[in-house]
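**Q** The primary structure of each chain is shown beneath.
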Amino acid sequence: MPTRTFIEAVREGLRDEMQRDEAVIVLGEDVGKKGGVFLATDGLYEEFGEDRVIDTPLTESQIIGTSIGAAVNGLRPVAEIQFADFIFPAFNQLLSEAARMRYRSNNTFGVPMTVRAPYGGGVHGALYHSQSVEAFFTHIPGLKVVIPSTPYDAKGLLRSSIRNDDPVLFFEHKKMYRSVRGDVPDGEFTVPIGRAQVTRQGTQVTVVAYGLMAHYALEAADRAADEDISVEVVDVRTLRPLDKETVLDSVRKTGKCLIVYEDNRFGGYGAEIAAIIAEEAFDYLDGPVTRIAGPDVPGVPYNHVLEDWFMVSPEKILDGIRTLAAY
Amino acid sequence: MAVTQRGEAAGRPAKGVRRVGASVGLSDEQLIEMYRMVALARAIDERMWVLNRAGRIPFVISGQGHEGAQVGITWALKKGHDWVAPFYRSIATAMTFGMTARDMMTAQYATANDPSSGGRQMPGHYGHAAHNLLSVSSPVATQILHAVGIALAAKIRKTGQVAMTFMGEGSSNQGDVHEGLNFAAIHKLPFVLVIENNGYAISVPSSKELALPDVAARASGYGIPGVVVDGADVLACYRASKEAVERARRGDGPSLIEAKVTRLTGHSSDDQQTKYRPAEELEAERSLDPLPKFREQLTAAGVLDEELIARIDAENKAVVDDATNFAESEPDPSPDNALEHVFAEGVEGTF
Ligand SMILES: Cc1ncc(C[n+]2csc(CCOP(=O)(O)OP(=O)(O)O)c2C)c(N)n1
Ligand SMILES: [Mg+2]
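Chains as they are written, first to last, in the working numbering: chain A, 65 to 391; chain B, 8 to 358.
Chain A extracted, bound-state conformation:
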């Protein structure tokens, strides 16, 4: 099977969908000739032309707002927000418009739009090029939120997102773009939205993670195995709608759960998973549901010592696993 980097898988997913369906357009800042600041859209402008690969002005609300209108009138826009950190000028369009269009119109209008944005730290991006923004959006009914961790899932989930009839936020960890490789078969395949995946079987501790943290969780699980701790890893893949059953099944089996996310700890996405486990798997628990997450400071600091302090690492996850296993 051919192997691809994460970003190649994203690019191929876009290209395949644009070839398959001429309603698919791409728009955002620098997505045209330059091919995007990370080159996710490289080559699309040459292949599909300026009508379908649109360099927008530096106006995020417009990127999302016009995508909503274009989606209502027969297109399937894939909007790129250059960095997830800069999605907030468009927050109102996402929250008040995209998410609510179907509900408020009693199912007479829908918004088949995908919004791609690179997120995450560990790349010397500092406060404004490192954020994890998913929790702002997983809170909103009407938005789907997808965070793939492998090239296979990136391509398969991107296809599903573009084909979906509702707005999907598709967050790509920028540190994975070139550091993560994996098998991606040629030809048609999709990965359904709303399905988590057990990426490692184990019996003593469940680790729930997504994005870059899904990789770090596997690394930590490997090292835990050297210490005779058997860890199961669940890669959530779709944060909303959440595949609760896969998470709960694993916790019912192991009786212990560590939730890992890179975002600030307080009110982060992992808090919702913890609440669900407390409500629905309490009788199976042999220890407290715990979290390893980013510290509660307003952003990822720049200096490498400070950035390392901020970032969740395999070591920090391993510590959490050890503590929980010993409980």
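Hints are not guaranteed to be accurate.
Claimed, not checked - Footprint (simulated), chain B over chain A, 3 or more residues, beta carbon under 8 Å:
1) 153–164
2) 203–217
3) 232–243
As the list claims (entries may be wrong) - Below, in silico cross-link-like pairs of lysine-lysine (PhoX-like), each with a Cα-Cα straight-line distance of 25 Å or less:
4) B:215 to B:85
5) B:300 to B:249
6) A:97 to B:195
7) A:98 to B:195
8) A:97 to B:165
9) B:195 to B:85
10) B:165 to B:86
11) A:317 to A:380
12) B:86 to B:249
Unchecked claim - Residues of chain B clear of chain A, computed beta-carbon distances all greater than 10 Å:
13) 146
14) 258
15) 328
Just so you know, these hints were derived from the structure itself, not from any lab.
As the structure is a computational prediction, the values presented were derived from the model and not from experiment.
Don't be surprised by glycine CBs; every beta carbon is placed ideally from N, CA and C.
Knowing the structure of chain A, use the given hints to seat chain B with the ligands on it.
**A** Chain B with the ligands in isolation, oriented as in the chain A frame:
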């Protein structure tokens, strides 16, 4: 290009033309239908206030004073083909574009079958998919970007559609307006922005909202035409809109039309405008009411006479009575369905 033309679009018939509509290409029959629409929108609106004061409906937001501009401007679009992204005062626009009196009244009562939202939104948030009338939210001005996106899709898909959006002058200060006009102008999109300038954003006078008297002056900053029209002059509004729509359809790009209107009621049923508007001003603005103005204009031109006016009034009253009775008897939506339509698949958690 890029000039603000005050009054140039005013639809005065050329000398020697017998019929008042001839200069804008409208037949007497069409003029009568336009008048009927202005009067019907007013009749529905007045009924809404009666129902509100009688405790039948909790909230009213009104289009009184704006109807002439809305009918004149919306009339230039192709129904069932073009698109409108309305705002909360767009009663006459929505009806000109295809919504019926029953559709409007069920929105006031928020019934299960209200086509705008199935009772989910407040009254004033009109929308109808079958008429390409986009569902609207409450945060002002967001809809401009949707209309621009609709126009983008129309251009890419080569549908020949024009997208028009409407808002107040206060709302025109929102950032989305700048982002939308800029993008529409860059891509010469088939798009028209209509500002219904009634001089107030709730209680704040336009002198505290804008440093210039005319929103239309901003058009030049985007390199697009901006015109000011008398919003009580229905035919001038129609002419300005026809020009903008034709220009958009030709592929020459967007335009901005600013209609100077008057707000004959409080901002909404929750507002007491005598607190911030002097009595003399309210009295003087009565003379800007488009309904008697249009009636007098068409009567002087021999298009309307007393008998026809009385007949239209009676017919409109019957339509409003029917719509009120209909909406009164329609069922409320059920909480059993309130989880539905968050996503296309149905209820979250079941797929
Ligand atoms: C973003 C936002 N801020 C505030 C409001 C509350 N609000 C509703 S209408 C309005 C005034 C709008 O004035 P204008 O745009 O001139 O329209 P008009 O009501 O005069 O027709 C305000 C402040 C809102 N709906 N949305
Ligand atoms: Mg106003």
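**Q** If you check each hint against the structure, which ones fail?
**A** Of the numbered hints, 3, 4 and 13 do not hold.
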